[in-house]
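Asks: In the order they appear, the protein sequences are chains V and L.
1 is the number of the first residue of the first sequence in our numbering; add one for each residue after it.
1001 is the number of the first residue of the second sequence in our numbering; add one for each residue after it.
Keep in mind the hints are simulated off the structure, nothing from the lab.
One or more hints might be untrue.
Quick list of in silico lysine to aspartate or glutamate cross-link-like pairs, EDC-like style, CA-CA up to 16 Å [stated by the list, open to error]:
| hint | chain 1 | residue 1 | chain 2 | residue 2 |
| --- | --- | --- | --- | --- |
| 1 | L | Lys1041 | V | Glu39 |
| 2 | L | Lys1102 | V | Asp84 |
| 3 | V | Lys100 | L | Glu1109 |
| 4 | V | Lys42 | V | Asp84 |
| 5 | V | Lys100 | L | Glu1059 |
What you are looking at is a predicted structure, and each value in this text was computed from that prediction instead of being measured.
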Amino acid sequence: GENVEQHPSTLSVQEGDSAVIKCTYSDSASNYFPWYKQELGKRPQLIIDIRSNVGEKKDQRIAVTLNKTAKHFSLHITETQPEDSAVYFCAASRMAAGNKLTFGGGTRVLVKP
Amino acid sequence: GAVVSQHPSWVICKSGTSVKIECRSLDFQATTMFWYRQFPKQSLMLMATSNEGSKATYEQGVEKDKFLINHASLTLSTLTVTSAHPEDSSFYICSARPPLPKPPFSGYEQYFGPGTRLTVT
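Next up, chain L with everything else stripped away, as it sits in the complex (with noise of 0.2 Å):
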């Protein structure tokens, strides 16, 4: 259980074209997921959490025009990056909390997808 799934695993896109990233939970509904950025040999950055039926609550530095979040079901969670840079090529992912939890672990627990590594050429 708690298995959350992203496609697509890897894209390559021209620059100023837009890239549309699914995140879904798989076998538990997710009212709330969280996108990260994670850039080479770096940590993970969070981007935003995505709240099932309401607006994307963005990390600062984070623009929210650039990635148009949407979580339009309680297993789907999209971002869309919007013409984009060079800069953006990075590793996305998203990770999603079940209801409840799964022991050993407390509860609080988040399950991650398997990430998109994005390309701007």
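The shape of chain V in the complex, shown without the other chains (with noise of 0.2 Å):
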């Protein structure tokens, strides 16, 4: 089955830096990603997902890049804010076969004033 791996754990950043979270996944036959930010008690909240056919995608100050050779994908945040502060959750799938989420441990990002 698929296995995603996530890093850092946890990841401290100065207001207005740049946060980088990567994630690698083993199953070649994955073609989907999403990343999810889940605050303490709450739901995980989808705030932007990739498709294998594309290699880059940006929503304001967050974008996903995707290397299928290497499988891998990362999240960027630009420009953080306090209210980034949160765990990200990447994950994988593949859209043809029920399209189950296989979750990366998690990165607890704190953002600094």
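Make the complex out of the two chains shown on their own, each in a separate frame, by following the hints.
Replies: Below, the structure is given as structure tokens:
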């Protein structure tokens, strides 16, 4: 089955700086890669996703890049703000196989004002 | 759009009793819903895939007789934890996938319910 590794497990950045979280996956057939943000005790919120036919996608301060050959994808947050502090999860799935998500271990991001 | 609700938001039960958790898609029909479990400071682990009108598909290691899933309609899936024990205490979250894409997302996104915190004493 799919295995998703996520690094780092914790990340502390100064407000205004950029944050980068990296994930690797094992199943070369995975073709859908979402990122979720989860605040303490709350539901995971989808913030951006990318399909394997695209190498990069951006939405305001958030961007995701995908390297299919190396089987890794990254989340980039620019101009970080204190409200970006949360746990971020990457995930991978095969769209044609029921879209079961396999999650990475999570990254706890702290943005210091 | 794409709102998923769960009920109850938290529940405390005694060891040996059963607890039912409901997951509803409020503004769309979901032929497939997913149930996850999340322990403190850990990631989400998929327990089972719930398919409307058919049996759920359980992940390896998840006891199907202990975690009963019923997906009786296109907007409702239920998870029943039978004979609960303290080790079943966790945060249970469901998710559902809308049938149509919602820009800027790709069309395969899953939306999560708010979760149910189960404490077994």
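Asks: Of the hints stated earlier, which fail here?
Replies: The structure breaks only hint 2.
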